[in-house]
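Input sequences plus hints: build the corresponding full structure.
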Amino acid sequence: MATLEEKSKGILKVGEHCRQCHQVDFLPFVCDECGHNYCSSHKLPESHGCKRSDRVVPAEQQQRQKTSPSPPLYKQQSQVTTTTNATTPSPPATKSKNALPSLGRLKSLLSSSTNKPKTKSPQLSLLDLKRSALGDASIPTHLRRYVYVQRPETSYVDPISGETGTRPEKVKALFFSKDWVVGRVLDMACRKLDVSNNNSSDPTNRLGLYKNGHLLQYGAKFGDLVKDGSTLVVQKTNN
Numbered sequence: 001m002a003t004l005e006e007k008s009k010g011i012l013k014v015g016e017h018c019r020q021c022h023q024v025d026f027l028p029f030v031c032d033e034c035g036h037n038y039c040s041s042h043k044l045p046e047s048h049g050c051k052r053s054d055r056v057v058p059a060e061q062q063q064r065q066k067t068s069p070s071p072p073l074y075k076q077q078s079q080v081t082t083t084t085n086a087t088t089p090s091p092p093a094t095k096s097k098n099a100l101p102s103l104g105r106l107k108s109l110l111s112s113s114t115n116k117p118k119t120k121s122p123q124l125s126l127l128d129l130k131r132s133a134l135g136d137a138s139i140p141t142h143l144r145r146y147v148y149v150q151r152p153e154t155s156y157v158d159p160i161s162g163e164t165g166t167r168p169e170k171v172k173a174l175f176f177s178k179d180w181v182v183g184r185v186l187d188m189a190c191r192k193l194d195v196s197n198n199n200s201s202d203p204t205n206r207l208g209l210y211k212n213g214h215l216l217q218y219g220a221k222f223g224d225l226v227k228d229g230s231t232l233v234v235q236k237t238n239n
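full-length UniProt numbering puts the first residue of the sequence shown at 1, with every later residue one more than the last.
Calculated directly from the structure, the hints in this document are not laboratory data. Remember, it's a predicted structure, so these values are computed and weren't measured experimentally. None of the hints are false.
Cβ-Cβ distance ranges computed for the label pairs, FRET-style:
| hint | residue 1 | residue 2 | range |
| --- | --- | --- | --- |
| 1 | T154 | Q123 | 31 to 41 Å |
| 2 | K236 | Y148 | 15 to 25 Å |
| 3 | S201 | K170 | 18 to 28 Å |
| 4 | S201 | P140 | 27 to 37 Å |
| 5 | H142 | V181 | 17 to 27 Å |
| 6 | V157 | K120 | 37 to 47 Å |
| 7 | T119 | G162 | 46 to 56 Å |
| 8 | K170 | Y218 | 17 to 27 Å |
| 9 | K170 | K227 | 16 to 26 Å |
| 10 | F26 | G49 | 20 to 30 Å |
| 11 | D224 | S196 | 21 to 31 Å |
Note that the Cβ used here is the ideal one computed from N, Cα and C, for glycine as well.
Below is the structure:
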């Protein structure tokens with residue numbers, strides 16, 4: 001039967017001494033870095049000034065290291081290479097001799113590209129034309145032909161004062177029916193452009209509708225001769 005003295009010694013052997021404050025802790029913490037025992041107040045590595053060089057490897061861990069197979073050679077080499085790269089300081093960055101000329105060429109290319117005038121695609125240009133075009137609202141959408149009609153600069157005589165004046169060039173976005181004849185389109189274009197059309201009363205000063213310098217025949221179907229986006233000119237015909 002154990003004596004009282006032996007029992008007291010057994011109680012004192014319970015727990016471990018904290019390596020930092022030397023107090024007995026019945027549930028000590030083992031540091032993963034150095035392997036020493038610490039109380040709850042000094043269990044974190046930063047609370048006891050942990051150093052990896054002071055690490056104590058327990059006997060069980062030593063036995064596992066002996067029995068566990070060594071890693072492949074390529075892994076060891078990669079670890080050595082990684083460690084070397086991590087500890088070797090990187091050399092200071094130096095500017096390449098070709099850096100400034102390359103930067104200058106890049107700036108010149110960017111400036112030249114931004115200075116180029118931006119041209120719209122034909123689809124966008126036609127969309128803008130349809131949005132701004134004027135015409136007879138009763139014409140069905142599927143029968144409309146969208147064009148630009150130009151009135152060149154012309155001289156005229158005021159019927160009241162008899163003075164001669166000049167009408168400036170004028171261009172309007174208009175739409176007409178594809179089924180109309182050219183003569184009807186010409187009458188509508190003259191009204192939109194403020195041009196006096198006396199074809200029926202003055203055959204010597206007849207006006208015509210021109211496309212690319214060619215006179216469109218008055219009785220021809222407008223949709224057969226003109227496509228969307230075309231530019232037409234109202235001017236006197238050569239009799």
